Amino acid sequence: MGNDGKAARKALRSAIESWFGRAPSPPQRAEELHARSIKTELSSTVFSGAPAEWVRYLSASEETRYASGPRVSVHLEPALGVLAFEPQGEDSRWLAELLGFGFRELAQRLSQKPHVLKVFRALVFENEANRRSELTLLLSDLVPGQGTRETRSQDGRTGAVKLVISQRLALTAREDYERARTGSSGERLGAIWALVARVMHSLAYPPAPRDLFVTKIDLHARLSYLTINVLYDEQKRGLLWPTEVGSAFAESASRASGIAVPELFERDAYFRSLGKLGFMLRHGSYSRYEEDARIVARDYLDPLYLRLSLAGAMPGVLPAMRAMKHERQGDQMWTPAPELGSYGILDEEDLAAWKTVAGRFADLGFTLVRQLGMGEFGRVYEALNDNNSAFPERVALKVDRIVGKKKKAILEAEEAIAVGRQLAASPHVIRIYDGGKLSGVRFTYHVLQLIDGDTLDNLVGVTGREHASVSRPPSARGSEMDAQLEFARAVDSRGSEMWRRQRLAAPFTQALSPAMVLDLLTSVLLWLEEVHQVGFANNDLKNGNLMMSRRGQLKGIDLDSYSKTHSPKDKMTDFMFLAVSLILLVFNAPITDRDRRVPWEELIESEERLRARLATAWPFGDVEALSQGRVSHEDLTNLVVDLVQRSRQLVYAKRPELFAQDIARLLDLKRRLLFEEFVFD
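For any residue, its number in this note's numbering is found by taking its place in the sequence shown, counting from 1, and adding 20.
Take every hint as true, because none was put in to throw you off.
In silico DSS-like links for lysine-lysine, alpha-carbon gap of 30 Å or less:
1. 674 x 690
2. 296 x 457
3. 584 x 457
4. 589 x 674
5. 584 x 296
6. 296 x 256
7. 457 x 375
8. 133 x 256
9. 296 x 133
10. 457 x 345
11. 296 x 138
12. 584 x 674
13. 345 x 375
14. 256 x 138
Computed spacing ranges between beta-carbons, pair by pair:
15. 496 x 397: 19 to 27 Å
16. 375 x 82: 58 to 66 Å
17. 267 x 488: 57 to 65 Å
18. 505 x 338: 36 to 44 Å
I should point out that these hints are in silico values taken from the structure, not numbers from a laboratory.
Only a predicted model underlies this, so the values are computations on that prediction, with no experimental measurement involved.
The C-beta atom is built at its ideal place from N, Cα and C for all residues, glycine as well.
Could you build all of it, start to finish, from the sequences and the hints given here?
Below you can see the structure in the form of structure tokens.
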């Protein structure tokens, strides 16, 4: 085992003594260090900071990326539930001792709450990557957000792991500890809670998540369960009553943010999310609260999501589509008058429609600020929300014209709300908050999550070339023949979609690189896989019903077509439409000629023609040179052909495990293409 083994044993011994015996000496104050570029191919997905900050950080050398100061080795003893922090030099001792105290005090408090202690141990000690990897904690004044977990390996499961902490966060925790050093152990833990929580978060990340957003939501929900049981005693009259740890943490958060303590739950997004989780203080196991906790976590993380590669290719908002400026005057909201050529109002019909619904929405507490687009039966608006404090500040309002019987239209609107609520925990599907019928007019409406971006058909230039819209089926599908006929009818009616080309939209700002195309395909496949796993079919899968936010996040947006699945037959049209969508994305996303026509009708039916088309119109460049031999032309060809053919021939509908395997193939190929490091924030 050598010197490293002796050092590890010594650190573990010291940690065991510290956790069960004497406390460490107070950390010594250090001199304050003064904290203190854009490559969009980087495919990392993160949940803090701005794109330029992450590109600068990820493009930096190790010498630039990390501070030259403290290094701490982290050792785990799962049998005893002990974490040991071993300083790699005297300048690191203060950080090791600070963390040693924090995690020892946390363990003592969790020992009184066995359900919460179980979650803590599962997150930290049952993470296999922590047991077989060398863990080193170090500081950075360049890292966006509060920190990362970083691994340089192809699979993310091997090699050394760096737990990178914001230098500012660590030094602030040190200062706050000094302020509280004469206080109780709970006050001292609260003073450094942000640091402890960050390290705990990094330790809990699995090595190579299949779906990073789903993993992040799960992790955040579990850590929120732990956090709320440490920071708060109970919930009374809708308010959380803090422990001494919670009070001290609120004081530290107030100093860091400049928000007064009484206003944190109103003005700070993280505290607002904690305020929705008071139900988890009822002494039940995490599984009892998991579904609701994941929805709260999803709502908190959604606006933070950032996929660097795809975000870098998203167009800005066109001048004619920019939202109105607004000003609040007392209880009233002031906005300018709607006008043609501005705020997404492109013609007289748009202006008339706006004037018809704006006042009625104002009566409900929604102020229209721009028209986002239009659908087959109505329009979609961005609005300021004064209707319900549980909704986001800005929402989308989807307005549909009632065609036929009013009662049926209202029932369909209510069904969409019910479906949306069942899909609320699915992060790749748009959130629906409410809905109803507008007074005095034949319109129904839905209050939706606002996604600032555009649909994939606009972004890759295939608007109006996909199948006609398909409604939610009235019942379970009877046979494979029924599915084939539905697909054929929709394809035959695609000429009815040409009206979509009248919309004002901008495409991706560049031809997507091979890695970016694979990022896009991964997003689409993971969305569909998750929808199927929660027991639903989309029924109307096309690029026009998939939206990409300006931060690179994909969402399924048309909840009117989703339905419960009863057998594999109910998923069949999803995969037939997926074959079309994949063809259009593969051949149009990597080029700048957005009017290029692809004979997808032929390519989805013939493997031979698809392979020939890929050979003659290869859209991915020299992938072998790009990947330094790790990915071949044949690897990528075979994957694209399999995805399209197995979708069209309904293999995936009958064998979902093969669909999962081919998504894993795609993920592996994507990682081999660029061999990027794994960075989780």
